[in-house]
Amino acid sequence: MRIAVDVMGGDYAPHELVAGAVKWIQENDSQVVLVGKEDVIKAELTKYVFDPSRLSIVNASEVIGMEESPATAIRRKKDASIVVASKLVKNEQADALISCGSTGAQMAAAIFILGRMEGIERPPIVASIPNMNGKNTLLIDVGANVDCKAKQLLQFAILGKTYASISGIANPRVALLNNGEEESKGNSLSIETHSLLKHQPDLYFVGNIEGREMFGNSCDVVVCDGFTGNIVLKTMEGMAMFLARLITMEIGQMPSIFNKLDYTKAGGAPLLGINGVSIVCHGSSKQEALYNGIRIAEECVNREMVKLQQEELAKII
Amino acid sequence: MQEFFTLARKILAEQMDIDPETLMMETTFEELDADSIDIVEMIMALEDVYDVEFPEDEKKDYSTFGALITDLYEYLRQMKNA
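Quick mapping for you: the protein sequence lines, in order, are chains A and B.
Residue numbers for the first sequence, in my numbering: 250 to 566.
Residue numbers for the second sequence, in my numbering: 110 to 191.
Honestly, the hints are just simulated from the structure, not real lab data.
Among the clues, some could well be false.
As the list claims (entries may be wrong) - In silico negatives: residues of chain B with every beta carbon more than 12 Å from chain A:
| no. | residue |
| --- | --- |
| 1 | Gln111 |
| 2 | Glu130 |
| 3 | Glu135 |
| 4 | Glu140 |
| 5 | Ser145 |
| 6 | Ile148 |
| 7 | Val149 |
| 8 | Tyr159 |
| 9 | Pro164 |
| 10 | Tyr184 |
| 11 | Arg186 |
| 12 | Ala191 |
Claimed, not checked - Below, simulated DSS-like cross-link-like pairs (lysine-lysine); rule was C-alpha separation at most 27 Å, straight line:
| no. | chain 1 | residue 1 | chain 2 | residue 2 |
| --- | --- | --- | --- | --- |
| 13 | B | Lys119 | A | Lys400 |
| 14 | A | Lys514 | A | Lys296 |
| 15 | A | Lys296 | A | Lys272 |
| 16 | B | Lys189 | A | Lys398 |
| 17 | A | Lys339 | A | Lys483 |
| 18 | A | Lys398 | A | Lys434 |
| 19 | A | Lys327 | B | Lys189 |
| 20 | A | Lys339 | A | Lys296 |
| 21 | A | Lys514 | A | Lys272 |
Glycine included, C-beta positions come from ideal geometry on N, C-alpha and C.
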């Protein structure tokens, strides 16, 4: 297994990301390819002792900044770390890639380099949210697409269903995140999407749900646009940290249950509907999050996520 | 120019799932609800057909379909004459 790590993107690049990748190969039997400015990476690596046969560097002289237009930057900066890392996966020189850089650039690289699956216009990011049943509810999209059309939300629903199916959930229940349960609730996008989901064959659509129901047992997949999903995800993370601190102050120690809600433990989340494994991490990821992101990448490869998604999609689209 | 326009129109119309006849030179990308991914996708499809790499001019703000393809065509014409 070889995972390409874009070590130039993110708030703590490259030092924390190099540290996380080195820790991974020290504790696991796989390889990493660090993608970025070679001289910078080599300087970072002097801090560590590791098996050099399991770590390689691929030089990429450019970086795509958070402020750049993703689609044009992908075209213009052909030697950007996210472009080079995506090409490694495309050319089968790596099994998966992981990045903490611009999500938009990662999505654009996924579209233009890895390619989309049949019937998918925009790849969404799926996140697993712990629920009351001790299982997970899938939230899709958590940030790849801030402006969505109803037909794209339908595609997210189908991708969510396929991802839930390959995660072992039979006949997954799909819901639309809204500000009320009634069909007529929400903005024009919600109303149009509800109508599309309701009439989609092969989709077990259970209707609208409100945010608080995500943690219950009413559905397995929650669909929303990436703008809403990202706000929901980060609000949950902030709320979990807030509660953890309050309880710690009250009882003197943090209950271990909060580890489940710690985003650094989750690591990253995959882009769906593309012909390759591309794991999106928080821009604020440090070494532990990067380490766990690599774990997610390997799990996606081991579970043959791409092949199974393609097979599931072919049954529906 | 007409052949280039017709092809670009066909590509973008297919991407946006609209009738090509409704896509005019003065149609804005905002009207089409086309984002930067849609625009780059059309440019890359044209690059494949004409085996050329169009330059990326970030300073230009193409608001209409016509303004973009006029510039792309002009670049293609210059390349052919070079």
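| query | Can you list which hints this structure breaks, lowest number first? | reply | 5, 6, 7, 9, 16, 17 and 20
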